[in-house]
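K.L.:
Given next are the chains, with one letter for each unit.
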Amino acid sequence: MAMVNRPQFLPWLPPIGRKTLFALAVAFICFAFAFPVLWLILTSLRPESGVYYVHRGTEFTLASFAEVLSDERIVAAFLNSALISTLATVFSLLVTVSSGYMLSRFTGPASRLWFGTIYVFRCVPYISWVLPLYFVTQSWGLYDTYTGLLLPHIAVHICFFSWLMKGFFDGIDPSMEYAAMIDGCTRWGAFIRVAVPSALPAISALAVLCWLFTWNEFLFALILTGNRVPVITVVMAQFVTEMGLRWNLMAATAVMALLPAFLIALFGQKYVIRGLRI
Amino acid sequence: MQGLARWFVAATAALVAATGSAAAQVKELRIGYQPSPIQDASIAMFEAWGAKNGVKIVKVPNSYGVYVEKMTASLTSNSDQYDVIWHNDDWGQTWAHLLEPTDDVEANKFGSKWSMSPIVFANAQGQNTVVPMGQTFSVFFYRSDLVKPEEVPKTLDELVTMSKKLQADGKVKFGYVGGMSMNHSWFSWFWSMWANNCDVLLPAYERDNKKLAEAGWKSSLTDPCMQKTVEYWWDAINTHKISPRGMPAYDRNEANAIFMAGDAAFTVADTLWWGTFNDPNKSKIVGKVAAARFPLGPDRKKPFGWDDIWGWAIPKSIPEERKKLAKQMLNAMMLDEEGQTKLFKSTGAPPPNTTFWPKIAEQDAFMKLLKEAVLDSPDKVRGAYYFPQWPAVHKAFNDAVTKAVTGKREDIAKVLAENAPLVSKAAQ
Amino acid sequence: MFGEQQRFVLLLIAPAALLLLLFQVVPIVIGANASFRDWALYNPKKTWIGFDHYVAVITDPAFLYVVLPNTFLFMVLSVAGALVAGLALALLLNRPFRGQKLVQTILLVPLMVAPVIAAIMIRWIFNDQFGIVNVVLEAIGLEGQPWLVQRWSAFGIILLTDIWLWTPWFTLLLLAGLQSLPKEPFEAAAIDGTTTWRVFRYLTLPMLRPVIVVCVVIRAIDAFRTFDIVWTLTGGGPGRSTELFSLYAYVHAFLNLDLGRGSAAAIIGGLVILVIGVVLYRLVDRIAKA
Numbered sequence: 001m002a003m004v005n006r007p008q009f010l011p012w013l014p015p016i017g018r019k020t021l022f023a024l025a026v027a028f029i030c031f032a033f034a035f036p037v038l039w040l041i042l043t044s045l046r047p048e049s050g051v052y053y054v055h056r057g058t059e060f061t062l063a064s065f066a067e068v069l070s071d072e073r074i075v076a077a078f079l080n081s082a083l084i085s086t087l088a089t090v091f092s093l094l095v096t097v098s099s100g101y102m103l104s105r106f107t108g109p110a111s112r113l114w115f116g117t118i119y120v121f122r123c124v125p126y127i128s129w130v131l132p133l134y135f136v137t138q139s140w141g142l143y144d145t146y147t148g149l150l151l152p153h154i155a156v157h158i159c160f161f162s163w164l165m166k167g168f169f170d171g172i173d174p175s176m177e178y179a180a181m182i183d184g185c186t187r188w189g190a191f192i193r194v195a196v197p198s199a200l201p202a203i204s205a206l207a208v209l210c211w212l213f214t215w216n217e218f219l220f221a222l223i224l225t226g227n228r229v230p231v232i233t234v235v236m237a238q239f240v241t242e243m244g245l246r247w248n249l250m251a252a253t254a255v256m257a258l259l260p261a262f263l264i265a266l267f268g269q270k271y272v273i274r275g276l277r278i
Numbered sequence: 001m002q003g004l005a006r007w008f009v010a011a012t013a014a015l016v017a018a019t020g021s022a023a024a025q026v027k028e029l030r031i032g033y034q035p036s037p038i039q040d041a042s043i044a045m046f047e048a049w050g051a052k053n054g055v056k057i058v059k060v061p062n063s064y065g066v067y068v069e070k071m072t073a074s075l076t077s078n079s080d081q082y083d084v085i086w087h088n089d090d091w092g093q094t095w096a097h098l099l100e101p102t103d104d105v106e107a108n109k110f111g112s113k114w115s116m117s118p119i120v121f122a123n124a125q126g127q128n129t130v131v132p133m134g135q136t137f138s139v140f141f142y143r144s145d146l147v148k149p150e151e152v153p154k155t156l157d158e159l160v161t162m163s164k165k166l167q168a169d170g171k172v173k174f175g176y177v178g179g180m181s182m183n184h185s186w187f188s189w190f191w192s193m194w195a196n197n198c199d200v201l202l203p204a205y206e207r208d209n210k211k212l213a214e215a216g217w218k219s220s221l222t223d224p225c226m227q228k229t230v231e232y233w234w235d236a237i238n239t240h241k242i243s244p245r246g247m248p249a250y251d252r253n254e255a256n257a258i259f260m261a262g263d264a265a266f267t268v269a270d271t272l273w274w275g276t277f278n279d280p281n282k283s284k285i286v287g288k289v290a291a292a293r294f295p296l297g298p299d300r301k302k303p304f305g306w307d308d309i310w311g312w313a314i315p316k317s318i319p320e321e322r323k324k325l326a327k328q329m330l331n332a333m334m335l336d337e338e339g340q341t342k343l344f345k346s347t348g349a350p351p352p353n354t355t356f357w358p359k360i361a362e363q364d365a366f367m368k369l370l371k372e373a374v375l376d377s378p379d380k381v382r383g384a385y386y387f388p389q390w391p392a393v394h395k396a397f398n399d400a401v402t403k404a405v406t407g408k409r410e411d412i413a414k415v416l417a418e419n420a421p422l423v424s425k426a427a428q
Numbered sequence: 001m002f003g004e005q006q007r008f009v010l011l012l013i014a015p016a017a018l019l020l021l022l023f024q025v026v027p028i029v030i031g032a033n034a035s036f037r038d039w040a041l042y043n044p045k046k047t048w049i050g051f052d053h054y055v056a057v058i059t060d061p062a063f064l065y066v067v068l069p070n071t072f073l074f075m076v077l078s079v080a081g082a083l084v085a086g087l088a089l090a091l092l093l094n095r096p097f098r099g100q101k102l103v104q105t106i107l108l109v110p111l112m113v114a115p116v117i118a119a120i121m122i123r124w125i126f127n128d129q130f131g132i133v134n135v136v137l138e139a140i141g142l143e144g145q146p147w148l149v150q151r152w153s154a155f156g157i158i159l160l161t162d163i164w165l166w167t168p169w170f171t172l173l174l175l176a177g178l179q180s181l182p183k184e185p186f187e188a189a190a191i192d193g194t195t196t197w198r199v200f201r202y203l204t205l206p207m208l209r210p211v212i213v214v215c216v217v218i219r220a221i222d223a224f225r226t227f228d229i230v231w232t233l234t235g236g237g238p239g240r241s242t243e244l245f246s247l248y249a250y251v252h253a254f255l256n257l258d259l260g261r262g263s264a265a266a267i268i269g270g271l272v273i274l275v276i277g278v279v280l281y282r283l284v285d286r287i288a289k290a
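Line order of the protein sequences matches chains P, D and F.
Quick note, in full-length UniProt numbering, the first sequence goes up one by one and the last residue is 278.
Quick note, in full-length UniProt numbering, the second sequence goes up one by one and the last residue is 428.
Quick note, in full-length UniProt numbering, the third sequence goes up one by one and the last residue is 290.
Chain P with its partners taken away, still in its complex shape:
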């Protein structure tokens, strides 16, 4: 394709000035966006006596990281978090891809009812159901178990993702599926072999976002776990005590938790952009 002569911003400026201005603006935006996290990283490297007055003094140390890593729970927490995030992502997508497909391809009372249901439950605030959720998981013997943490994390995405998935499938021409069915494919065959592969970019995009969301999720983890399934956010939250905050340890743990998230975002983003086309 021939390079299109794109319309330019600030056309009265000479190209070099425009370029400099553009670069400066982009650099500023990037700095502003990254600043809280850069500051967090800087904080985590300061000795405990300097974690609040980060700008005062130039001593840096890895002591907070060493202290966090000396806690034997931390490795387990990272593994638990990675496991829960990955499983939650896989299962969330599995159940919502079919639910979104149904919403997109079928009209009728069942479809309208299901869409109404997910819309209504999308609107209910978390505050009203985390405590009852605690009672529920407890009476079903799921409190402080992997299952008891995993299933709510899957359930929480159902409404949002079904909605997005419907959008993805709406953007895919159904005639391919009809053609496949005329060729002797079952409905399931048409769904799994034809529709899902064409929605795959969108699905992988959601996978990245879902993984990041679960990785960083606090409230469910705090309410639904005790000591058997420590996840990384719960370990972080335990640095908040009645006697104040262990901010240096919290910052160090948060920075360590940043790394997997960064890798996922780095390698996942091209799928995200390619896929998130509603």
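Honestly, the hints are just simulated from the structure, not real lab data.
All residues carry an ideal CB built from backbone N, CA and C; glycine is no exception.
Take these hints with a grain of salt, some might be off.
Here chain D is said to cover these stretches of chain P; the calculated rule only asks that three of the stretch's residues, wherever they fall, bring their Cβ under 8 Å from a Cβ of chain D [stated by the list, open to error]:
1. 129 to 139
2. 219 to 233
Here are a few chain P residues that face chain D, going by a calculated C-beta distance under 10 Å [said to hold, decoys possible]:
3. Pro47
4. Ser49
5. Gly50
6. Ala63
7. Asp144
8. Phe239
9. Leu245
10. Trp247
11. Asn248
With chain P held as given, fit chains D and F onto it using these hints.
P.N.:
Just chains D and F, lined up with the frame of chain P:
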């Protein structure tokens, strides 16, 4: 028959002894707590006892952010998650009916009578429901390198003049810094109002719910004493500038960070912070801190101390034999002199057994001061109120005074009067 | 009983519906049940009291005149802010330039950190004593501000944090949308010498309409129930002036341990956003079409 039974018991005992403590090892106690130096030190005593008696101590840390709500939910749903839980005077009456009475923990008699008063921890039948962990209260800290003991402010006015002098001399950026936002009211609002014969509800210092109800859960916000307290902080922040302008939004972390950075001369914090203030890894003012009695307002002449405890409790819903075992453990903790001395050393919190106090005070100047100024003081104040609506009352109070102190000075009385009914309403 | 097609339809939603039922519907029904009862968390008497909790919430002047207006204002500004920022950044990233990939990665940074941690960090950044914002302001000769004790600056910080957290979502969704737009109309416009603004207004924006509608509605629902960052940054203060509806429900259910009242407040909020969502969907759809 009886002989046979006795023989059987003896044989079993011998067998257990012979196989080591294999059977006993199965026993375990689950502790629901929050990681912090004082609880860690107390649990260290549990673990020492557990090692000796073949009981495994399982520690289940909980975040402060959801501790009360989650533990309350756990207690009311009769779950079997914990055998011993962290307990605090603030929710003494909220949980009393859900906890096992602890009157039969014999060593409880060595606990502080004041702190374990039935007003705080007794259930409807008048039975005590707590075993103390340590005394937790705040004192007035000052920078001993800047202020001589005889110069320490005795009144709120002296706090202003002394602060101004230190600031004018360029010694510190601010005179006083202390937490003020919700759930940190103690570190500025509460102590300063107690210092002036004032309180959240009137009559001041009254904690008997019957008497408070008779008084109609009367809020102090319409009383001149509270207006004076708010005006004092308004002036401290805006007129005298001895406290930072952001202080009404500070929690204890922010206030202590400023104090530990050496930017303020005075603060009020829990004695538990004594260890932190003097830890070179955490603080820039190591060895430059001392404690004193609270400065007093114009309407109060007699010094006072604030004294509360943290404790341990046993959920009512757990099986009898575990209750018994938990009580044995708590009893042993109460008698563990070595462990309790360590608890004081690592935290600055007076340990639960009062009979150990004199000996620690002989060796430690800080404990000596706490003993004289607070523990042995006849004029004591309780930090919280002991009815289930207290968190709602506290929030209504804090919202009102925060609104008043961040507004215009001439509006203070008006704002307080507007909010007074909300405090009384929250109590009912 | 069911035809082949009905069976297929039901099977498609069965796993999702089952999970939704067990872990969302059941707890929400329990919460809704509590909202009609005397259900203090520490003493669940569970006696039926009808609509008392609902009446108490909707007759509470703080709820009507502080909490709801704050929530609406927050929702509108947060969604608008993140939409504008997200759209601008998406347009930026949609043109090729050197380092585009790096910039794109940096703009995703807010997605990588737990919101609660980010909120604590931002609270310290805006502290009037050790916060870096005041340190910089004072270094260049300006007066530092006590950001969190003044109503509108505190509100602004909450808003800024929320927009920061959510802009990447908008950027991603809109960028994906932009890249899937057909090339021909833009090429034609370029040949005609149409101005940048007219291209954006009459080509880009209408074509992005479906994406924008979904983004705005979903995000509005989430913004309406924002909780953790507000609780961390201001706790609703100073003096309830930045309290949002979810904090109101939280304080009743979690702080005052009154599950009944807290649930009632949460359900009222849920109903409000339900209606807003439908209205918003129609409204945004129409605006974008025009």
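K.L.:
Compare the structure with the hints numbered earlier in the document and write down the numbers of the violated ones, lowest to highest.
P.N.:
Of the numbered hints, all hold.
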